[in-house]
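Engineer: Sequence:
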Amino acid sequence: MFGKEIGIDLGTASVLIFVRGRGIVLKEPSVVAIDKNTGNVLRVGAEAQEMLGRTPGNIVAIRPLRDGVISDYETTEKMLKYFIRKVNGKTILRPNVIVCVPSRINEVEERAVRDAARNAGARHVELIEEPMAAAIGAGIDIMRARGSMVIDIGGGTADVAVLSLGDVVISSSVKNAGDKFDEAIVRYVRKRYNILIGERTAEEIKISIGSLYPRPEKLAMTVRGRCMSTGLPKEFTITSDDTIDALMENANNIIDAVHQVLSETPPELIGDISAEGIVMTGGGGLIYGFDKLISEKVGIHVYIADDAISCVAKGTGAALEYLEDISETKVNSVQKRRR
Numbered sequence: 003m004f005g006k007e008i009g010i011d012l013g014t015a016s017v018l019i020f021v022r023g024r025g026i027v028l029k030e031p032s033v034v035a036i037d038k039n040t041g042n043v044l045r046v047g048a049e050a051q052e053m054l055g056r057t058p059g060n061i062v063a064i065r066p067l068r069d070g071v072i073s074d075y076e077t078t079e080k081m082l083k084y085f086i087r088k089v090n091g092k093t094i095l096r097p098n099v100i101v102c103v104p105s106r107i108n109e110v111e112e113r114a115v116r117d118a119a120r121n122a123g124a125r126h127v128e129l130i131e132e133p134m135a136a137a138i139g140a141g142i143d144i145m146r147a148r149g150s151m152v153i154d155i156g157g158g159t160a161d162v163a164v165l166s167l168g169d170v171v172i173s174s175s176v177k178n179a180g181d182k183f184d185e186a187i188v189r190y191v192r193k194r195y196n197i198l199i200g201e202r203t204a205e206e207i208k209i210s211i212g213s214l215y216p217r218p219e220k221l222a223m224t225v226r227g228r229c230m231s232t233g234l235p236k237e238f239t240i241t242s243d244d245t246i247d248a249l250m251e252n253a254n255n256i257i258d259a260v261h262q263v264l265s266e267t268p269p270e271l272i273g274d275i276s277a278e279g280i281v282m283t284g285g286g287g288l289i290y291g292f293d294k295l296i297s298e299k300v301g302i303h304v305y306i307a308d309d310a311i312s313c314v315a316k317g318t319g320a321a322l323e324y325l326e327d328i329s330e331t332k333v334n335s336v337q338k339r340r341r
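Heads up: take any position in the sequence shown, counting from 1, add 2, and you land on our numbering.
Keep in mind the hints are simulated off the structure, nothing from the lab. One or more of the hints may lead you astray.
[Unchecked claim] Each pair of labels, with its calculated beta carbon distance range: (1) N60 / G200: 12 to 22 Å; (2) E76 / K299: 39 to 49 Å; (3) I306 / T241: 15 to 25 Å; (4) G25 / E278: 20 to 30 Å; (5) N60 / N121: 21 to 31 Å; (6) L198 / H303: 19 to 29 Å; (7) K88 / N196: 35 to 45 Å.
[Claimed, not checked] Derived pair list, reagent style EDC-like, types lysine to aspartate or glutamate, alpha-carbon separation capped at 16 Å: (8) K193 / D247; (9) K220 / D247; (10) K220 / D243; (11) K38 / D74.
As the structure is a computational prediction, the values presented were derived from the model and not from experiment. The C-beta atom is built at its ideal place from N, Cα and C for all residues, glycine as well.
Based on the provided sequences and hints, a complete structural model is requested.
Structural biologist: Here it is as structure tokens:
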């Protein structure tokens with residue numbers, strides 16, 4: 003008798019957990035609050051996120067994943083242990099786990115993910131690349147002898163991949179995604195308005211009025227920050243057109259990755275992609291006009307998947323159904339293409 007079978011979308015910004023037979027049961031920010039004096043975990047997830055930027059000297063709220071990979075192994079392990087216990091309940095049976103990782107992950111990063119999951123309580127650990135999981139979660143039949151293309155933009159990485167016959171044919175992963183968009187807004191506001199805002203405020207701006215294509219009606223948002231000249235609080239108004247200027251450089255880096263993947267894709271698969279379009283998943287793909295911008299740049303229709311934020315978690319959950327039958331080249335094509 004075995005424990006639960008769990009799929010984990012281990013994201014830079016958030017963790018989603020899919021339990022076989024139940025669906026997505028957990029969605030929490032990837033944040034941990036720790037007492038620096040004792041090393042004890044005080045809060046995890048949403049409760050820890052509330053502490054970001056607001057903690058006293060002895061408490062630090064940190065995000066243990068950066069750019070899609072583990073930057074603080076010990077804290078990631080503690081976070082995973084908390085989440086796995088939360089969804090596994092009181093059972094003593096250790097779960098089988100599939101964890102999503104960015105494409106082009108290296109051997110050290112892969113081992114860190116496996117070890118963290120095992121030490122957090124997993125019985126058996128498999129990895130699946132994010133673009134493959136995203137495609138499955140978006141409803142694409144990846145087993146067909148046809149080319150499909152997915153752009154998954156998460157918090158730490160943007161993964162671009164062409165898939166066919168159940169495997170990744172060509173892929174690219176760039177560290178320009180949700181977090182970098184937030185940082186770009188912080189820099190833009192500081193340069194344009196001489197006001198300092200936090201990354202949480204920048205994220206609110208991105209979600210509320212963020213744009214990469216002119217809107218039919220310009221939106222505006224009033225926010226507060228700290229004036230760089232006086233050091234005092236100051237209120238200002240930022241518009242959706244401002245965010246186009248702020249976000250465009252990072253968006254172009256992702257578009258360059260799309261161009262690179264398309265240039266390396268076999269002609270037959272390019273024909274399939276041109277006919278069926280490119281699917282976008284992940285929270286970063288929800289920025290207004292991003293799909294239109296990419297479509298304009300590459301000349302192929304781009305569309306946003308239904309429930310784009312949950313596609314990777316759903317795809318991981320679907321992969322759980324084939325834990326016993328799926329081959330290493332299907333679930334973990336990471337090693338095959340590692341260079």
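Engineer: Work down the list of hints and note, for each, if the structure agrees.
Structural biologist: Cross-check of the supplied hints:
| no. | hint | verdict |
| --- | --- | --- |
| 1 | N60 / G200: 12 to 22 Å | 21 Å, holds |
| 2 | E76 / K299: 39 to 49 Å | 42 Å, holds |
| 3 | I306 / T241: 15 to 25 Å | 23 Å, holds |
| 4 | G25 / E278: 20 to 30 Å | 27 Å, holds |
| 5 | N60 / N121: 21 to 31 Å | 26 Å, holds |
| 6 | L198 / H303: 19 to 29 Å | 40 Å, violated |
| 7 | K88 / N196: 35 to 45 Å | 44 Å, holds |
| 8 | K193 / D247 | 12 Å, holds |
| 9 | K220 / D247 | 14 Å, holds |
| 10 | K220 / D243 | 7 Å, holds |
| 11 | K38 / D74 | 14 Å, holds |
Of the numbered hints stated above, the single one contradicted by the structure is hint 6.
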